[in-house]
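Participant: If you want the building blocks of each chain, they are given just below.
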Amino acid sequence: MSQGTDGVDRGWTKERVEKALKEILMEALGVEEGRIVPHASLVHDLGAESIDFLDVGFRIQQTFGVELPARAIQEKTLSWRNLSALGRILAERYGTQIAAEEMRQFHTMGIPQVLRWLSEKRGITVQDGEAEKIAGELVDRLGREVEALGFNISLIDREGIVRLLLQNLNSPKIMEGMLRLFSVGAVADFITARVGATQ
Amino acid sequence: MEGRVTLVTGGSRGIGRAVSLRFARAKSSLLINFFQNRTAAEETAAEVASLGAQAHLLQADLKDEEQIRKMFQEVRRLYGRLDVLAHSAASGVLRPIGELTAKHWDWVMNTNARSLLLCAREAASLMTEGGRIISLSSIGASRVVPQYGAIGISKAALENLTRYLAVELAPRGITVNAISAGAVATEVWKLVPDGQEILEKVRKRTPCGRLLTPEDVAETVFFLASPEARMIQGQVIVVDGGYSLLA
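Keeping their order, the protein sequence lines are chains A and B.
Numbering-wise, our numbering puts 85 at position 85 of the first sequence, and it's gapless, one number per residue.
Numbering-wise, our numbering puts 328 at position 129 of the second sequence, and it's gapless, one number per residue.
Hints in this document: simulated from the structure, not taken from any laboratory.
Predicted model only: the values in this text are computed from it and were never measured.
Some clues are possibly wrong.
[Said to hold, decoys possible] Only pairs whose alpha carbons sit at most 27 Å apart, straight line, appear in this in silico BS3-like list of lysine-lysine:
| # | chain 1 | residue 1 | chain 2 | residue 2 |
| --- | --- | --- | --- | --- |
| 1 | A | Lys22 | B | Lys302 |
| 2 | A | Lys133 | A | Lys121 |
| 3 | A | Lys22 | B | Lys269 |
| 4 | B | Lys269 | B | Lys302 |
| 5 | B | Lys269 | B | Lys226 |
| 6 | A | Lys19 | B | Lys302 |
| 7 | A | Lys173 | B | Lys302 |
| 8 | A | Lys173 | A | Lys133 |
[What the hints assert, rightly or not] Partial list, computed: chain A residues near chain B (C-beta under 10 Å):
| # | residue |
| --- | --- |
| 9 | Glu49 |
| 10 | Asp52 |
| 11 | Arg59 |
| 12 | Gln61 |
| 13 | Gln62 |
| 14 | Glu67 |
| 15 | Leu68 |
We put the beta carbon where it would ideally sit given N, CA and C, even for glycine.
Please model the entire structure based on the sequences and the hints provided.
Facilitator: As structure tokens, this is what we get:
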């Protein structure tokens with residue numbers, strides 16, 4: 001079976017998927033064929049920007065009938081910026097609700113500063129190492145959401161993103177870290193699984 | 200509007216979706232163009248159908264002249280004519296002007312401004328007297344909004360193109376207008392850093408006391424498409440709850 005999402009059998013094999021993806025990336029990103037290798041990151045090695053993900057996503061959809069979840073991943077990453085995920089974790093851990101107005105001041109903070117605020121304003125006792133645990137929990141939650149979209153989360157640089165969260169919850173590098181998920185090989189695997197390609 | 204054929208570019212999400220649903224309520228025959236998000240397009244088409252109207256989905260990259268041509272070929276094949284073009288498709292890059300590259304410029308100008316030229320040209324060939332071309336602009340076309348330069352400049356081009364098209368198409372009874380909409384709380388704001396804070400500031404500064412909804416804009420598009428708007432020609436109608444009136 002090698003059906004697309006619309007149920008149409010286009011006879012996809014893994015090799016044909018990889019060849020078609022290579023052509024898409026060459027055209028959309030204007031890069032030479034030799035640079036499109038499985039471990040190449042679309043962002044870091046091939047120079048893709050957010051608008052390129054729209055173009056690549058469009059071409060993938062037209063060719064394979066598969067939606068690349070780039071936008072969904074971007075939105076999930078950005079949901080940290082409105083801090084809703086952090087708010088839920090703090091509520092679960094410390095049993096305290098933080099109003100949206102109060103949460104806004106966390107935008108430019110790292111997690112240790114947020115915990116200091118909680119300690120001062122709410123009298124909550126914070127143990128050593130709590131900030132690292134909360135950052136790790138945030139990354140893991142995001143990872144589970146991304147995994148549910150069908151992407152291989154083993155490519156997430158968990159420790160790297162934890163370090164960023166400790167410094168600044170709003171760091172644009174967090175998004176860059178998530179976009180590392182989009183290596184040529186990971187995208188090919190994602191499409192291959194979606195179209196049910198044969199080996 | 201019943202029986203009129205309406206093409207909404209970028210018609211599956213945000214303001215475009217509201218426009219599609221407004222015309223669907225009036226039983227217009229709808230063609231909904233979308234770029235990438237097929238799931239959203241299919242959801243909008245289902246909503247249109249639930250309102251008792253017909254919708255055809257047309258996927259096309261409006262930066263691409265050939266794809267625009269094919270999209271209108273499909274309009275011609277399906278209906279043989281077009282009555283309303285609601286041009287809502289837009290895309291952008293948010294960054295300071297000094298950081299814009301040629302790629303950013305081409306992307307935004309081609310998606311937002313050149314696409315109106317190419318779509319209007321094709322649309323006009325399918326229109327008769329009473330045809331309507333309505334596009335969406337924003338305050339960034341005439342005012343400086345931080346990080347919004349690329350989009351703002353493309354919208355300025357779109358507004359001026361609206362005036363030129365209006366004069367050229369007026370003798371054929373086709374009107375061409377644009378709507379300059381204030382901030383509308385659509386999902387695109389999720390992609391803007393601190394988007395929710397910006398929207399809250401806009402809400403507080405808006406004399407009418409609330410943010411625009413997609414439906415506010417869709418109602419204006421619908422009015423401009425009506426026979427009653429036949430003498431509104433080449434205008435940019437500001438719909439922003441009074442936001443732009445304040446110094």
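Participant: If a hint holds in the structure, say so; if it doesn't, say that too.
Facilitator: Results for each hint:
1. A C-alpha spacing of about 21 Å is found between A/Lys22 and B/Lys302, which places the hinted pair at or below 27 Å, so the restraint holds.
2. Note on A/Lys133 and A/Lys121: the hinted pairing holds, with a Cα-Cα distance of about 21 Å set against a maximum of 27 Å.
3. Using a Cα cut-off of 27 Å, the hinted pair A/Lys22 and B/Lys269 holds, with the two alpha carbons roughly 25 Å apart.
4. Between B/Lys269 and B/Lys302, the direct Cα distance comes to roughly 24 Å. Compliance with the 27 Å bound is thereby established for this hinted pair.
5. Note on B/Lys269 and B/Lys226: the hinted pairing holds, with a Cα-Cα distance of about 25 Å set against a maximum of 27 Å.
6. Restraint check for A/Lys19 and B/Lys302: the C-alpha separation of about 26 Å stays at or below 27 Å, so the hint holds.
7. Restraint check: the Cα-Cα separation between A/Lys173 and B/Lys302 comes to about 22 Å, which is no more than 27 Å; the hinted pair holds.
8. Between A/Lys173 and A/Lys133, the direct Cα distance comes to roughly 20 Å. Compliance with the 27 Å bound is thereby established for this hinted pair.
9. With a cut of 10 Å, the hint placing A/Glu49 at the interface with chain B holds, because the nearest CB-to-CB distance is about 8 Å.
10. The closest approach between the C-beta of A/Asp52 and any C-beta of chain B is roughly 9 Å, which is under the 10 Å cut-off, so the hint is satisfied.
11. With a cut of 10 Å, the hint placing A/Arg59 at the interface with chain B holds, because the nearest CB-to-CB distance is about 9 Å.
12. Proximity of A/Gln61 to chain B holds as hinted, the smallest CB-CB distance being about 6 Å (cut-off 10 Å).
13. For A/Gln62, the interface hint holds, since its Cβ comes within 10 Å of a Cβ in chain B; the closest pair sits about 7 Å apart.
14. Below 10 Å, beta-carbon pairs count as interface contacts, and A/Glu67 has one with chain B at about 6 Å; its hint therefore holds.
15. For A/Leu68, the shortest C-beta to C-beta distance to chain B is roughly 9 Å, which falls under 10 Å, so the interface hint holds.
Hint compliance for this structure: no hint is broken.
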